[in-house]
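There are 2 protein chains.
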Amino acid sequence: MNTSKKISTCFVSALFEKYSNTESIVVVIDVLRATSVISIAFHYGVKEIIPVQSLEEAKNYKSKENFIVAAERNAMPVDGFDYGNSPFHYMNEKVQNKTLVLTTTNGTKALEIAKNHKTITASFVNFDAVVDYLILQNKDVILLCSGWKGFFNLEDSIFAGKLAEKLMNNAFQNSNDSTLAAIELFHSSEADLFSFLSNSSHRKRLKSLNMEEDTKFCLNPTFQSNIIPILKDGKLIKA
Amino acid sequence: MNTSKKISTCFVSALFEKYSNTESIVVVIDVLRATSVISIAFHYGVKEIIPVQSLEEAKNYKSKENFIVAAERNAMPVDGFDYGNSPFHYMNEKVQNKTLVLTTTNGTKALEIAKNHKTITASFVNFDAVVDYLILQNKDVILLCSGWKGFFNLEDSIFAGKLAEKLMNNAFQNSNDSTLAAIELFHSSEADLFSFLSNSSHRKRLKSLNMEEDTKFCLNPTFQSNIIPILKDGKLIKA
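Taken in order, these protein sequences are the chains called Y and U.
Under our numbering, the residue at position 238 of the first sequence is numbered 238, and the numbers go up by one with no gaps.
Under our numbering, the residue at position 188 of the second sequence is numbered 188, and the numbers go up by one with no gaps.
Just chain Y, same shape as in the assembly:
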């Protein structure tokens, strides 16, 4: 095994340029909720996912057959779209073999920023599969936390810490302080992540919008998906 594989953790997509290295694999993280939704949608049979940046772009797909169009802004579903950003929206057989077009506040931006890299998405829903996948690849890894509108967020950073620790137990080396901080935050929170996040900005935001069930599911999913969503030519497909 090549022991020189490195992990770096980018806390905010606005800083990605500093970390960018097209020889690395980028792991896009937006656990509340875009990358959880992506995992769930694939798990329930979605064929592919097209992340788009604007509502206008998303609207172009609305009349197409076999497309589902989903939009979220500021944690809320957007009027006039089929779906929002709740994992529960996708747990039904109507999504099977459909193409999902998705635009969200942060996660789809992070995917756009990383598009010149080999890029996968990760969440607590496909955590185990992501670990196995990254160990099999012989590449450095950049953990790209989506954050919230350019700001650091706790849940993505904690997820990055959990993933980094697992990789470091499998011959990866850490290359920056943000990874050390993320691992420490993971340790501080692992006994009860939901409670730990009680003061976090996005848990409070989702709580105020009656989306606590989404939060609970995304942080403690009731199953693991073995699908790795990977970005190819602007679409997420199964790796």
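Possibly wrong hints are sitting among the right ones.
You can't tell identical chains apart in this list, so a pair holds if it fits in one copy or across any two.
As the list claims (entries may be wrong) - No farther apart than 25 Å at their CA atoms in a straight line, the calculated lysine-lysine pairs in the DSS-like style are these: (1) K47 with K5; (2) K204 with K6; (3) K204 with K18; (4) K6 with K149; (5) K204 with K162.
These aren't lab readings, by the way, just hints derived from the structure by calculation.
Values in this document were obtained by computation on a predicted structure and should not be read as measured data.
With chain Y's structure known, arrange chain U on it following the hints.
Just chain U, lined up with the frame of chain Y:
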């Protein structure tokens, strides 16, 4: 007491624009070592400090009477300058009543970025005085971690966490996840900060350069300075 005073923590000066609010006080943090050096220099009698961005700009002051010119790049002193970025350089009576011109890798950049705000500098050397000062002001506070060349660093973030917790015990409110993370990192490290930082990038950098004594002093200074360095018209003076 106005209970609406808010704290926000900016982990990297490159993100400062997102946090900027000229109604707030900015606290520039570069504990290893620029803001520690600034505290020490004032404590030992320096009259004022002119932070400059480039070596060329610093050189312009070299022949001036009653000026000390100090330069650091990549943790090293720069050839041809009177002083570097070690706090021990300033613990002598030659600095009394001098104007110190200082250019460093990160700290002086953070000062430049914040120059349109009311800006002070903080380190473990003047921690108590900074707390008292901020409590007396009736303003929101932005904790600006200098980081390392645009990357997150542990020591500045931990210091921000210590300061944020103290302020929150004095009627300040937190407004973002980065402050929560900083406080958590402070808690994880407070039993033995020097050991906690043993894997951090900058402690390793200073260790490799035989600057462990600088690190020890900056993290656990043997005295407290009651001086608040404040930026006025491009110069740091005593508040």
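Against the structure, the hints:
| no. | hint | in the structure |
| --- | --- | --- |
| 1 | K47 with K5 | neither (32 Å within a copy, 49 Å between copies) |
| 2 | K204 with K6 | between (34 Å within a copy, 17 Å between copies) |
| 3 | K204 with K18 | between (30 Å within a copy, 21 Å between copies) |
| 4 | K6 with K149 | between (27 Å within a copy, 19 Å between copies) |
| 5 | K204 with K162 | both (22 Å within a copy, 24 Å between copies) |
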